[in-house]
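Using the sequences and the accompanying hints, generate a full structural model.
One line per chain: the protein sequences are A and B, in this order. Going by my numbering, the first sequence opens with residue 1468, and the numbers climb by one from there. Going by my numbering, the second sequence opens with residue 84, and the numbers climb by one from there.
Note that these hints are calculated values from the structure, not bench results. Every residue, glycine too, gets a C-beta built ideally from N, C-alpha and C. Warning: the hint list may mix true and false statements.
[To be verified] Dumping the calculated DSS-like pairs for lysine-lysine here, alpha-carbon to alpha-carbon at most 25 Å:
| hint | chain 1 | residue 1 | chain 2 | residue 2 |
| --- | --- | --- | --- | --- |
| 1 | A | Lys1583 | A | Lys1566 |
| 2 | A | Lys1566 | A | Lys1578 |
| 3 | A | Lys1679 | B | Lys254 |
| 4 | B | Lys254 | A | Lys1578 |
| 5 | B | Lys254 | A | Lys1579 |
| 6 | B | Lys254 | A | Lys1660 |
| 7 | A | Lys1566 | B | Lys254 |
| 8 | A | Lys1578 | A | Lys1660 |
[What the hints assert, rightly or not] Partial list, derived from the structure: chain B residues whose beta carbon lies under 8 Å from chain A:
| hint | residue |
| --- | --- |
| 9 | Ala99 |
| 10 | Leu244 |
| 11 | Gly245 |
| 12 | Gln250 |
Spelled out from the first residue to the last, the chains are:
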Amino acid sequence: MADGDSEAFLSIREVSKTYRTLSKGTTVALTPSSFDIGAHEFVSIVGPSGCGKSTLLNILAGLLAPTTGEVVLESRPITGPDDRVGLVFQRPVLLPWRKVIDNVTLPIEVKKLRPKQAYVDKAYQLLEMVGLKGFENAYPSELSGGMQQRASIARTLVYDSRLLLMDEPFAALDAMTRDEMNVELLRIWRAQKMTIVFVTHNIPEAVMLSTKVIVMSARPGRVREIIPVELGERGLDLTGNPEFGRIVSHIRGLLDQPERGAQP
Amino acid sequence: MNSLITRERLGDVLFALGSIAVTLLLWEGIVRYFQIPAFLVPPPSDVARALMRNADLYRVHLGYTLLATVIAFFVALVLGIAMGTLTAEVRLVERTFSPILIALQSAPRIALAPMVIVWFGFGITSKVVLGVFTAFFPVFLNVSHGLAAIDREQVRLMQSLGASPLQIFFKIKLPASLPFIFAGANIALIFAMLSVIVAEFVGSNRGMGYLIVNQSNQLDTTGVFASVTVLAGVGLVFHYTLQAVRRRLLFWATDSESLGSGL
Ligand SMILES: Nc1ncnc2c1ncn2[C@@H]1O[C@H](COP(=O)(O)OP(=O)(O)OP(=O)(O)O)[C@@H](O)[C@H]1O
Ligand SMILES: [Mg+2]
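Here is the structure:
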């Protein structure tokens, strides 16, 4: 393993993405961006629609090749879908013909992980951890939206990914379920000692969860500011925390007033 | 839970039997009351008697028809799934065969029955060939529709796990298009039996189609009705068998997903 001091856990180096389409020619979705993320950080990405958040996440997941630059995870570049990286989608994307447990063990089958029984045991433990004990043999249609998303998180955690990427994972949930899922996610993050990159449109959510918030802006998509968050205690009720309020309004301000003269 | 479902199904069955019984009674009553001659419309009691008396005859001819139908159905199923998959997954195959298949699909394929007899003779081969020829299309079309309607997020999920195209096919595309395959199979089974019977009308010395032509030539209307009754019974058995298989395999699919065209 790499010696943790000299190298960041995850390093984004001059990564950019230009889409070429028949209808619009080229779209610069992301201008060259560089930043580092440390091990066991919780990083949120916020920004207006179309600023390249999903593009960046798909590049980190190895699903999309960057136009320039590279992504290095623990000293090894990411060149395609990678066992070290897990992706949670906005929708749960459970396969309706598989029981919940068989959805969670899907990555074990696809990646042919061995010893199989150990991973299957882990799948059951993860379901218990995300609060789905007793639903192992249910079908996805029998679960609520929040429960389905928990199952999909368990599915991503079942193989030993070190980096968890989440693209607006709770956007489709109602506010109360969303709060619940946020608390759950913090618990999982602490228990699993993993690194999370989390895309959201909800600024208080981003500040509440994160150790670092990356603010992006659009046209062209780029990283505007990286804001460290040091709140001490994390939890749902941070309204009384002055630091929380300060960071939230700072980010709101950034997003409300586009920079002048940034257009190339 | 379980006993509730079976009780509900038992109710369905009883209701269906009841409505058939009432229909038969009405039929019997009308034929007798208006004294309709048996060579036009025989009363059901005559049909039932004819069926019993000649049970062996019907059994033998039905055997031939069923054999040809079942072979044609399974060949059409395999060919339809294979070709549907190839056209959906391989561009070259799609571009080569689609125009031909679309042309064939819009032609009245059953009209080729006389030629099929000329080409493949009086035996079972010609029946199977015509059956496959008509039953192939509903399967083929439904499979290609099903594969085109795959949830792209499910494919992306598999890609994010590093799945190979083969894994994506067997773990996502095949199960996801199963409702469509089923819709196609339902129609294919009916088409196969119809085609086999038509081929037997045109050129055969056995099978239900042959029997019906003979009976109507001899103005044996009761016999024709008995033959049609046998075929209707077989149709019911086919239908309920497929339904049962569907319920086992596709409990997860909503019914609207299995809508598919067959013509
Ligand atoms: N496959 C693609 N082909 C062409 N252009 C694309 C493609 N995907 C995204 N884009 C463009 O790239 C830009 C960034 O898109 P992206 O989806 O990354 O934004 P986003 O920040 O995730 O937006 P949202 O908040 O709405 O999800 C947009 O202008 C979009 O139109
Ligand atoms: Mg997005």
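A quick look at each hint next to the structure:
| no. | hint | verdict |
| --- | --- | --- |
| 1 | A:Lys1583 x A:Lys1566 | 18 Å, holds |
| 2 | A:Lys1566 x A:Lys1578 | 19 Å, holds |
| 3 | A:Lys1679 x B:Lys254 | 38 Å, violated |
| 4 | B:Lys254 x A:Lys1578 | 13 Å, holds |
| 5 | B:Lys254 x A:Lys1579 | 14 Å, holds |
| 6 | B:Lys254 x A:Lys1660 | 31 Å, violated |
| 7 | A:Lys1566 x B:Lys254 | 14 Å, holds |
| 8 | A:Lys1578 x A:Lys1660 | 22 Å, holds |
| 9 | Ala99 | 29 Å, violated |
| 10 | Leu244 | 5 Å, holds |
| 11 | Gly245 | 4 Å, holds |
| 12 | Gln250 | 6 Å, holds |
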